[in-house]
Amino acid sequence: MSDLRPRGLPARLPVLWPAAMLLLFFVVPFGIMLAVSFSHQVEGGFYEPGFELANYARFLDPFFGRALLFSFWISVLAAAIVIAVAFPFTYCLTRLRRRAQVPFLVFVLAVLSLSEVIIGFAWSTLLSRTAGLSNLLVWIGLIPRAQAWTPSFGALLMGLCYLGFPYTVLILYPALSRLDPEIPEASRTLGASPLRTFFLVIVPVLRAPLLGALIMVFVFNLGAYLLPQVLGRPQHWTLSVHITDQAVFQSNLPFAAAMAIFLVLFSLAFIGLTMVLGGQREAAR
Amino acid sequence: MTRSLRNLFMGLVVLFMALPLVVVAGVSLNGGQQLLFPPRNPSLRWYAELFIAQDWLNALTNSLIIAISSAALALAIAFPLAWFVWRYRTGYGRLLYGLGIAPFTLPPVITALGFLVFWTAAGWHGSIVATIVSHAVFLVTLPLVTISLGLAAIDRQVIEAATTMGADEATVFRTVVLPLVRPYLISSYAFVFVLSLNEYIVAYMVAGFTVETLPIKIFNSLRYGYTPVMGVVAVVFVLLAALIFGLIARFGDLPKLLGAWSKE
Numbered sequence: 003m004s005d006l007r008p009r010g011l012p013a014r015l016p017v018l019w020p021a022a023m024l025l026l027f028f029v030v031p032f033g034i035m036l037a038v039s040f041s042h043q044v045e046g047g048f049y050e051p052g053f054e055l056a057n058y059a060r061f062l063d064p065f066f067g068r069a070l071l072f073s074f075w076i077s078v079l080a081a082a083i084v085i086a087v088a089f090p091f092t093y094c095l096t097r098l099r100r101r102a103q104v105p106f107l108v109f110v111l112a113v114l115s116l117s118e119v120i121i122g123f124a125w126s127t128l129l130s131r132t133a134g135l136s137n138l139l140v141w142i143g144l145i146p147r148a149q150a151w152t153p154s155f156g157a158l159l160m161g162l163c164y165l166g167f168p169y170t171v172l173i174l175y176p177a178l179s180r181l182d183p184e185i186p187e188a189s190r191t192l193g194a195s196p197l198r199t200f201f202l203v204i205v206p207v208l209r210a211p212l213l214g215a216l217i218m219v220f221v222f223n224l225g226a227y228l229l230p231q232v233l234g235r236p237q238h239w240t241l242s243v244h245i246t247d248q249a250v251f252q253s254n255l256p257f258a259a260a261m262a263i264f265l266v267l268f269s270l271a272f273i274g275l276t277m278v279l280g281g282q283r284e285a286a287r
Numbered sequence: 452m453t454r455s456l457r458n459l460f461m462g463l464v465v466l467f468m469a470l471p472l473v474v475v476a477g478v479s480l481n482g483g484q485q486l487l488f489p490p491r492n493p494s495l496r497w498y499a500e501l502f503i504a505q506d507w508l509n510a511l512t513n514s515l516i517i518a519i520s521s522a523a524l525a526l527a528i529a530f531p532l533a534w535f536v537w538r539y540r541t542g543y544g545r546l547l548y549g550l551g552i553a554p555f556t557l558p559p560v561i562t563a564l565g566f567l568v569f570w571t572a573a574g575w576h577g578s579i580v581a582t583i584v585s586h587a588v589f590l591v592t593l594p595l596v597t598i599s600l601g602l603a604a605i606d607r608q609v610i611e612a613a614t615t616m617g618a619d620e621a622t623v624f625r626t627v628v629l630p631l632v633r634p635y636l637i638s639s640y641a642f643v644f645v646l647s648l649n650e651y652i653v654a655y656m657v658a659g660f661t662v663e664t665l666p667i668k669i670f671n672s673l674r675y676g677y678t679p680v681m682g683v684v685a686v687v688f689v690l691l692a693a694l695i696f697g698l699i700a701r702f703g704d705l706p707k708l709l710g711a712w713s714k715e
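Chain order of the listed sequences is H and X. In this text, residue positions in the first sequence follow this note's numbering: the first is 3, and each later residue adds one. In this text, residue positions in the second sequence follow this note's numbering: the first is 452, and each later residue adds one.
What the hints contain is simulated information worked out from the structure, not anything from laboratory work. Keep in mind that the hints are not guaranteed to be accurate.
[To be verified] What the simulated footprint calls covered on chain X by chain H, stretch by stretch (three residues with Cβ under 8 Å from a Cβ of chain H suffice, anywhere in the stretch; the number is not a length):
no., segment
1, 481 to 489
2, 495 to 508
3, 566 to 572
4, 674 to 683
5, 692 to 706
[As the list claims (entries may be wrong)] Facing chain X, a subset of chain H residues (Cβ under 8 Å, in silico):
no., residue
6, P90
7, T132
8, P176
9, G225
10, V266
11, L267
[What the hints assert, rightly or not] Calculated from the model, a selection of chain H residues having no Cβ within reach of chain X, i.e. all distances over 10 Å:
no., residue
12, L6
13, L11
14, H42
15, V44
16, D63
17, G143
18, I145
19, S154
20, F167
21, I185
22, G193
23, L202
24, V205
25, P206
26, P236
27, L275
The beta carbon of each residue, even a glycine, is placed where N, CA and C say it ideally should be.
Sequences are here, hints too, so could you generate the full structure?
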């Protein structure tokens, strides 16, 4: 290829259209949202332009603090559980022959694409009294009567793990499938058991992608919006639910926008952390 | 891990992933209104309901229109950008690429709220066009990443050979680049199509009260009680996704598409 820089307008034409679309429909909305977050809320669901920090001051409310803490806590917890299962799963998956991997990948992709609504519905059915797992326990004779296990914290946690699992597998897949097979082989030759190899060789070698995946799943979980409403009680509402609630039902757009901006900064801080970790890994090579 | 232990572990995980789907498929077969498992008086009447009942059919049509058009639009935005970033080394190209990745990395509620305020300001709030454009921009990350992967896999020497033989930019694009990235174009169209079909929060914030998509319809109905039709939608969506990804795997190299090395 001759030149690496575009010369003249015709060469730049292909990029103008995507640039316009992304600027108009992603950057501009973001800008408006930022402006709205500083606007003044008026009674009756309207707001007038202005510059005030009142919406941000509401972050000091115990209401907001509780929602934030809860979102943080359940997202971290679900991310940790998911990584603990998905990492060994993906490792086993990548050790299979390529053809054998395909059905698993198709299944994982199919579950990944499922709407949160459907996952919420599926889990609430699975944990319900009439069609749920508890009937199985009754049938075995473990409990006397079928019971509903949803809505509850456990149900929500389960749903979040289900939602995050396929996502995590796909994040970990590239790093794990590129792992040099000679590394575990060497460990085996030197006499380490498979489990020892996994924990003392594979995990340390891949700790950077592992940590990166943990943070990405955490941010992904923060975005869960429907599951807390379907599988949780009102005290289990996460920040995402509150943002929508304020925007759509309380008609308080400025406060919703302020919370969204906060969530952006919060997520960006964590994504930045992932990049720093990734950068260190590159540097270490 | 020894082979049997590994198989047991993988089997358990797959069972856990399949369990909700099995139960949902079961309740969708109920003859009555109730969601029972195992189903009572098994029948397929709720499958017919999805395609006959006006409100479900409406939601289905909306979802399909949005998914078909937003996937096309997302591709139309992503392809030129991916090509440009691959062809030239420019700062603004990379910046735009980063911008294209952003909607997918942030919690979706943020992008959704951005669209809400934007379309309200533009006066298009509640229109299906707004939903289509929003979905295309929201999901543009997928084709952008997938197509870039496909472009990166092209051997630069092939391009050089074509140029040396006297092909100009347009000819190289038409005869070399396009055929080589075609599988990636098709799979990214499928990715966006499936995800748009299942997307809730953006569609809801942009036009939730006027343009009811299937996920919105399900969530609205959840409040008034569960019906087996929801199970039907879940089953149809899972099968559709499995079919589409299965086809991609059949005609392409799925492991490579997802980031494994090209061949072992």
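Hints, one by one, checked against the model:
1. Judged by the Cβ-Cβ criterion of 8 Å, the segment 481 to 489 of chain X is covered by chain H as claimed, because 4 of its residues qualify and three suffice.
2. Coverage of the segment 495 to 508 of chain X by chain H is violated in this model, with 0 residues showing a Cβ closer than 8 Å to a Cβ of that chain against a need of three.
3. For the segment 566 to 572 of chain X, the assignment as covered by chain H holds, since 5 residues bring a beta-carbon within under 8 Å of that chain's beta-carbons and 3 suffice.
4. Counting residues of the segment 674 to 683 of chain X whose CB lies closer than 8 Å to any CB of chain H gives 3, which reaches the minimum of 3, so the coverage claim holds.
5. Under the rule that three or more residues need a Cβ within less than 8 Å of chain H, the assignment of the segment 692 to 706 of chain X holds, with 7 such residues.
6. The beta carbon of H/P90 comes within 7 Å of a beta carbon in chain X, closer than 8 Å, and the hint placing it at the interface holds.
7. Hint status for H/T132: holds, given a least beta-carbon distance of 6 Å to chain X, under 8 Å.
8. Checking H/P176 against chain X by beta carbon gives a least distance of about 3 Å; that is within 8 Å, so the hint holds.
9. Because the beta carbon of H/G225 sits about 3 Å from the nearest beta carbon in chain X, less than 8 Å, this interface hint is met.
10. Interface restraint check: H/V266 against chain X, minimum CB-CB distance 5 Å, threshold 8 Å, status holds.
11. For H/L267, the interface hint is violated, since its Cβ never comes within 8 Å of a Cβ in chain X; the closest pair sits about 10 Å apart.
12. Chain X draws H/L6 into its interface by the beta-carbon criterion, the shortest separation being 5 Å against a cut-off of 10 Å.
13. Its beta-carbon lying about 13 Å from the closest one in chain X, H/L11 satisfies the requirement of being farther than 10 Å from that chain.
14. Here H/H42 stays apart from chain X, with its beta-carbon at least about 15 Å from theirs, past the 10 Å limit.
15. Distance check for H/V44 against chain X: the nearest CB is about 15 Å away, which clears 10 Å, and the non-interface claim stands.
16. With a least beta-carbon separation of about 19 Å from chain X, H/D63 lies farther than 10 Å from that chain, consistent with its non-interface assignment.
17. The beta carbon of H/G143 is kept farther than 10 Å from every beta carbon of chain X, the shortest such distance being approximately 18 Å.
18. Every beta carbon of chain X lies more than 10 Å from that of H/I145, the smallest distance being close to 17 Å; the non-interface claim holds.
19. The non-interface label for H/S154 is consistent with chain X: the shortest C-beta to C-beta separation is roughly 16 Å, beyond 10 Å.
20. Not every CB of chain X lies more than 10 Å from the CB of H/F167, the least distance being 7 Å, so the non-interface label is violated.
21. Against chain X, the non-interface label of H/I185 holds: every CB pair exceeds 10 Å, the least being about 15 Å.
22. Every C-beta of chain X lies more than 10 Å from that of H/G193, the closest at about 15 Å, which supports listing it as non-interface.
23. With a cut of 10 Å on Cβ distances, H/L202 stays outside the contact zone with chain X, its closest approach being about 14 Å.
24. Look at H/V205: its CB is around 13 Å from the nearest CB on chain X, clear of 10 Å, so calling it non-interface holds up.
25. Distance to chain X confirms H/P206 as a non-interface residue, since its nearest Cβ pair spans about 17 Å, more than 10 Å.
26. Every CB of chain X lies more than 10 Å from the CB of H/P236, the least distance being 14 Å, so the non-interface label holds.
27. Once the 10 Å rule is applied to beta carbons, H/L275 is consistent with being away from chain X; the minimum gap is 13 Å.
In this structure, the hints that do not hold are numbers 2, 11, 12 and 20, in rising order.
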